[in-house]
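Protein chains: 2
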Amino acid sequence: METRKCPGFQAAGVASGLKKNGEKDLGLIYCETPAAVAGVFTRNLICAAPVQLDRQRVSRGICRAVIANSGNANCCTGQRGMQDAVRMARAAAAGLGVDEKEVLVASTGVIGEPLPVGKIESASADLIKRLCPEGITGFAEAIMTTDTVPKVVSRRGQIENHAFTITGTAKGAGMIRPDMATMLCFVMTDIQASADVLQEMLKTSVEQSFNRITVDGDTSTNDTVLLMASGLSGATVAPGARQEAFQAALDDVLITLAKWLIKDGEGATKLIEIAVTGATSRQDARKIADTVAHSSLVKTALFGEDANWGRILAAVGRAGVPVEPERIDIRFGPVFMVQNGMGCGKAAEARATEILQQPEFDITIDLKQGDAGTSVFTCDFSIDYVKINADYRT
Amino acid sequence: METRKCPGFQAAGVASGLKKNGEKDLGLIYCETPAAVAGVFTRNLICAAPVQLDRQRVSRGICRAVIANSGNANCCTGQRGMQDAVRMARAAAAGLGVDEKEVLVASTGVIGEPLPVGKIESASADLIKRLCPEGITGFAEAIMTTDTVPKVVSRRGQIENHAFTITGTAKGAGMIRPDMATMLCFVMTDIQASADVLQEMLKTSVEQSFNRITVDGDTSTNDTVLLMASGLSGATVAPGARQEAFQAALDDVLITLAKWLIKDGEGATKLIEIAVTGATSRQDARKIADTVAHSSLVKTALFGEDANWGRILAAVGRAGVPVEPERIDIRFGPVFMVQNGMGCGKAAEARATEILQQPEFDITIDLKQGDAGTSVFTCDFSIDYVKINADYRT
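If you're matching them up, the sequences are chains A and B in order. So for the first sequence, our numbering puts the first residue at 1; every next one is plus one. So for the second sequence, our numbering puts the first residue at 395; every next one is plus one.
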């Protein structure tokens, strides 16, 4: 737990009454010094007020705090929504004594209902009082929606004898696909870097992590990933120099969080890496991996622990990429299920079924056409997914 | 039932032992005279042996019979699969005394297992003996997989005092999306037309029907639609002339069958038409309609009878089409749920919830950007869909 703290940051989470069940729903991260900040946001054209506000404010490059709520997405709420997002930031800024333009905002929950911003304003004094260096777990609880556990990942690294820390938290369990999702992620670090350098490194890491996961193929209106750097460690990342150690640690934090989102995906019982190899280009490999990872028929078969490779091949065939069916191999873990487009028989299926019973495994599709490849992460599609999403608002 | 007969055709269905439960699994349509024939097939690059064989044989323009089985797709079965498809056709041709190159083949069921073609050969004499003009219902039963009812639609029309008949049957309940699906459809008519004319008219009708439906967004390896014309009615459709009456009746048969496939979709409890209006182009409208119709989050909300319009807007926003969020209206039936990008409140939701409780309704998304529009048909996404597809092979 010790490593979860990140020098220069405090956090907290409280229950403000936005969630009907009385659980924590309002979180705050406070940067003791002005932090350099970078952000990546949803590409959905329907985007929530806090995303619109943050896009403006992140471009200033400095952040003093992030206030985030669950229970309401403040999306499709018109002009009032934008005013409410501003009021949320203002409540935090006033209590902390910082410039409100340096306070960022995030919301997650139901779309289209006005944000009860008065509850947030009423709770903000208590929220600020509870700030502490160990508060990130409370914050992580406050941003949960259908997540079943709070998710915090911390890593340490070193640049020229200066140790640094990266601590990140994320939420999101449905409406998740590449191009981000109903997910929020907040990452604190004590390295020294400019906002521009942070932005490049964050984009690189997001491409390796949150843009490689899918739960249900839906993207959200509120996706936000923020990276804040306090500079307190003495470790410095300059443009183009000594970035590797920090980039690797950042990738590790974000990939770990991304995989955790999938493991905790709505109704998910398994984490599956879909790898495509032997493609003509990385783009082709990605198209095929995405199509397989999104297929409802593949995902329900994985839930049923049924080594139904025919559905995988059928998904490959409709991905819009030229393939030579009679060359394709498919492996479940190390077990060949398909060789040269044909099934490997009942014995292979029996071995594959054992792999399907594991909580984590990989499926490799080898096109044998070229040298390019990639992989994405998905989960199975269970009865509970339908139950969770049929009853979400009731 | 009288109208189900189509002059010049006989049909039958028997149990050959391919289905473990002893139900009908082998069907035959016999054309008493050489029929002109047209075909539309899956665009999936992984396609089954019978599809490959039919593509060659339909190009000859003449058909004497179609033999179709359920319980095995004869797909990803390599050279043996093609030999088995040829043997199936040969068994029918020998018993009927027709040229085997004028016999078409269709298979549906599990992918990747060798076809037990011996069972089909053994059953073919009995199958031929049972041929009769009223046999289409037995044939329709023999091609069912997860379908719950056999589907036969018949329509009559008139061209210059000559009455004509169109009788079609279709199967398919999962792995269904635009660009066809795990679906087979066989249409008989007694009009007189060349194979070229039939092919054009069939393509037009398929575009209006089977290419506008989705159950789960997966496409199949075996999709086949065949149209056979005996010419016995005396009604003639010549190139470019007098096509309207026949085209309208053919559209009606195929659209009725397509909507029936959705109503009987795996686990489906509702048939929903997703209409997009006010788009800049028909292609844009279609992209948005498809994205909404495929969204697992939208479909589970529909199953839960939850008027969760936020998920619809979120799907619109990720469709890859430029939209102006603050102009969009959404109606459930006649009830406005969203006007100018914002929700219409609790009273509207209560009225919309009543509509959601109907077995059939439409959702209209008005972009208010232009004059183009289109619609697609989808179903809800239920717990039973997952159950059916997790356990399909067990």
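Hints are computed from structural coordinates only; laboratory data are not their basis. Because the structure is a prediction, the values reported are computed rather than measured. You may find that some hints are simply not true.
What the hints assert, rightly or not - With a straight-line cut-off of 27 angstroms between C-alpha atoms, the simulated DSS-like cross-links for lysine-lysine are:
| hint | chain 1 | residue 1 | chain 2 | residue 2 |
| --- | --- | --- | --- | --- |
| 1 | B | 681 | A | 287 |
| 2 | A | 346 | B | 414 |
| 3 | A | 287 | A | 368 |
Said to hold, decoys possible - Here chain A is said to cover these stretches of chain B; the calculated rule only asks that three of the stretch's residues, wherever they fall, bring their Cβ under 8 angstroms from a Cβ of chain A:
| hint | segment |
| --- | --- |
| 4 | 477-490 |
| 5 | 540-554 |
| 6 | 697-703 |
Said to hold, decoys possible - Pulled from the structure, derived: some chain B residues nowhere near chain A, Cβ distances all over 10 angstroms:
| hint | residue |
| --- | --- |
| 7 | 439 |
| 8 | 467 |
| 9 | 525 |
| 10 | 528 |
| 11 | 735 |
Here a beta-carbon is modelled for each residue, glycine too, at the ideal position from N, C-alpha and C.
Evaluation of the provided hints:
1. The suggested pairing of residue 681 of chain B with residue 287 of chain A holds, with an alpha-carbon distance near 18 angstroms, which does not exceed 27 angstroms.
2. Pair hint residue 346 of chain A plus residue 414 of chain B holds up; C-alpha atoms about 18 angstroms apart against a cutoff of 27 angstroms.
3. Our distance criterion of 27 angstroms between C-alpha atoms is met by residue 287 of chain A and residue 368 of chain A, whose separation comes to about 16 angstroms.
4. Residues of the segment 477-490 of chain B lying with their CB closer than 8 angstroms to a CB of chain A number 0, which falls below the three-residue condition for coverage.
5. Coverage of a stretch by a chain is defined here by at least three residues with a beta carbon nearer than 8 angstroms to that chain's beta carbons; for the segment 540-554 of chain B and chain A the count is 0, and the condition is violated.
6. Counting residues of the segment 697-703 of chain B whose beta carbon lies closer than 8 angstroms to any beta carbon of chain A gives 5, which meets the minimum of three for the stated coverage.
7. The Cβ of residue 439 of chain B does not lie farther than 10 angstroms from every Cβ of chain A; its closest approach is about 4 angstroms, which violates its non-interface assignment.
8. In this structure residue 467 of chain B is not separated from chain A by more than 10 angstroms, as the shortest Cβ-Cβ distance comes to only about 7 angstroms.
9. The Cβ of residue 525 of chain B sits about 32 angstroms from the closest Cβ of chain A, beyond the 10 angstroms cut-off, so the non-interface label holds.
10. A cut-off of 10 angstroms between C-beta atoms confirms that residue 528 of chain B is not in contact with chain A; the least separation is 35 angstroms.
11. Here residue 735 of chain B does not stay apart from chain A, with its beta-carbon only about 6 angstroms from theirs, under the 10 angstroms limit.
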